[in-house]
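Each chain, letter by letter, is given below.
Protein chains: 2
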Amino acid sequence: MPRTRLDTARIRAAQQVIDPVFLDTPLYSCEALAAELGCGVRIKLETANPVRSFKGRGTEWVTSRLAGAVVCASAGNLGQALAWSGRRRGLRVTVVASHLASTYKLDRIRALGATLELVDGDFEAARERAVNISRRDGIRLLEDSLDIETCEGAATIGLELADRADEFDTVLLALGGGALATGVGHVLKELAPGVEVICVQPLGAPALTRSWHERRVVTTDSTDTIADGVAGRFPIPDVLDDLLLVADDAVLVREVSIIAGMRMLLDHAGLVAEPSAALGIAAILENRERFAGRRVATVVCGSNVAMDAYRRWTSEGRVEQRP
Amino acid sequence: MPRTRLDTARIRAAQQVIDPVFLDTPLYSCEALAAELGCGVRIKLETANPVRSFKGRGTEWVTSRLAGAVVCASAGNLGQALAWSGRRRGLRVTVVASHLASTYKLDRIRALGATLELVDGDFEAARERAVNISRRDGIRLLEDSLDIETCEGAATIGLELADRADEFDTVLLALGGGALATGVGHVLKELAPGVEVICVQPLGAPALTRSWHERRVVTTDSTDTIADGVAGRFPIPDVLDDLLLVADDAVLVREVSIIAGMRMLLDHAGLVAEPSAALGIAAILENRERFAGRRVATVVCGSNVAMDAYRRWTSEGRVEQRP
Chain F
1 MPRTRLDTAR IRAAQQVIDP VFLDTPLYSC EALAAELGCG VRIKLETANP
51 VRSFKGRGTE WVTSRLAGAV VCASAGNLGQ ALAWSGRRRG LRVTVVASHL
101 ASTYKLDRIR ALGATLELVD GDFEAARERA VNISRRDGIR LLEDSLDIET
151 CEGAATIGLE LADRADEFDT VLLALGGGAL ATGVGHVLKE LAPGVEVICV
201 QPLGAPALTR SWHERRVVTT DSTDTIADGV AGRFPIPDVL DDLLLVADDA
251 VLVREVSIIA GMRMLLDHAG LVAEPSAALG IAAILENRER FAGRRVATVV
301 CGSNVAMDAY RRWTSEGRVE QRP
Chain Y
1 MPRTRLDTAR IRAAQQVIDP VFLDTPLYSC EALAAELGCG VRIKLETANP
51 VRSFKGRGTE WVTSRLAGAV VCASAGNLGQ ALAWSGRRRG LRVTVVASHL
101 ASTYKLDRIR ALGATLELVD GDFEAARERA VNISRRDGIR LLEDSLDIET
151 CEGAATIGLE LADRADEFDT VLLALGGGAL ATGVGHVLKE LAPGVEVICV
201 QPLGAPALTR SWHERRVVTT DSTDTIADGV AGRFPIPDVL DDLLLVADDA
251 VLVREVSIIA GMRMLLDHAG LVAEPSAALG IAAILENRER FAGRRVATVV
301 CGSNVAMDAY RRWTSEGRVE QRP
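Protein chains in written order, with full-length UniProt numbering: chain F, 1 to 323; chain Y, 1 to 323.
Hints listed in this document are in silico derivations from the structure and should not be mistaken for laboratory results. By construction, the Cβ of each residue, glycine as well, lies at the ideal position given by its N, Cα and C atoms. Every clue listed holds true.
Restraint ranges, calculated between C-beta atoms of paired labels, are given here:
hint, chain 1, residue 1, chain 2, residue 2, range
1, F, D24, Y, D7, 21 to 31 angstroms
2, F, G90, Y, R312, 39 to 49 angstroms
3, Y, T115, F, R89, 53 to 63 angstroms
4, F, G90, Y, D308, 44 to 54 angstroms
5, Y, P20, F, D248, 21 to 31 angstroms
6, Y, D163, F, A111, 20 to 30 angstroms
7, F, T115, Y, R87, 49 to 59 angstroms
8, F, G68, Y, R3, 48 to 58 angstroms
9, Y, A111, F, R312, 28 to 38 angstroms
Isolated chain F, as found in the complex (with noise of 0.2 angstroms):
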């Protein structure tokens, strides 16, 4: 059992209180995909919800144990969650966001009565200004993956998983912040132990995962990729040391594997994933022998994607990736 920040009684009281709307997610086998990738592939589908994405599971049990204002840094998936949880308990919630971040997520967080406020600079930019706000009001900062609740709200995911991990041998988790990859990581190792864990971060956005490799945090000055929900600098100390306990492996893979990873998944699954969302996929796609004949579980996480961006990356005319 791994000694992590994470314990699965908490975790077991988070699916108590979390929304329905956002649990018991859909966990299919896709014969397509399988026959086009050459390994088992199931889909836990964590975009058919208010916010399309996971982000929910975490937001709705941090804001159960909130009152009056909170504040966050997002790249658009927490700050949309956040936005929903926060409204449905009357909560003043104010979303940091980068300039740079996608303008349909953000579009997303002001629908959703959140107070947006955008920053010069990336998202460790809007996460140093949400860390002012906070200070400034003396309201709460919601600090994604390294406060608890958002690795145990996405550790309800694991608990799902873990209840089916007859059905799969592997699981590829979207690397970001850490949240998911620690949470569902926890209770997988402690669950279902035979289950291997691998993270998949974009090679333009490398730093959790070189940090793993080298057993201590590693920065990068800058980020270079289309899944904007997975490019963070600097990671979180605590969270490093979590991933190190669960994780069984981390990999970096290329944008265009991204890409055809989701033009992938929108071809022979029907299902419309943002990038980050892709990162499971891809990196079937850039080492196919290490998965053939495997069966794979991964986690369609998101799928908050601008429609013209998208549109691009899966158009017809693209050629599909065969590394």
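Starting from the known structure of chain F, arrange chain Y on it as the hints suggest.
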């Protein structure tokens, strides 16, 4: 309580037998779509399963009581579902389809191990041929919408909707052979009689809708619609009788509205829908005044669509219909 052919106790029994991968599907509010349509929109999503349509509910139920062999006519979705359910129970499945049927759907039926027989003519010709095969080989014929198990399977969607009927006042259902509409309609009229049940069919395949309005079977000489899943010409008298008891209205929509509906589901909900699955949104688009401010639920009943056609229908350049 409507005196249809259906019985709610049997529908609950079906729920116990159907593979859970087809049950308890997502039901959630989509505010982005609501903002576009001017009414509350709840999605009941029936595409996140191994056959990407709701038909598995009925084929699970019917095959649980079968041994040996079974034959059906199908526009594509029933055939896939029967192949899937039959394969896991060791049944020999034959599917008869029109040579005009969606190539994509036919490929999936073959991939699932069923014997596929193509006939000249349309879906009604396939129905005739399936009857003949059944007689010749002495095997069970599964007739969609006529065989009560197909209605009872679809009706399990109604049980799930009825549990949360406080969330909507209107349900929009695709109307083809009638299994979905009579099944869901029966349950709602019994358990949530305040909910208005509206069926939606393409103007290009209007036989059952015309029959409902005239209270007698009306056939057509041909069909002309991209909604291949609902393109029948010969309504089944027993099904019409049930539909007369459970439907509050039946409306016809134009092809341009079906296409606009598919595009809106993609752009504002991130969902791939086949034409039949966009009929509900099409109905709202054709009569915004009728639905303004109401809380509408619609069943997104399938996503099996050939991607070349789908890309054409939902491509960027297309002008959205503003009726």
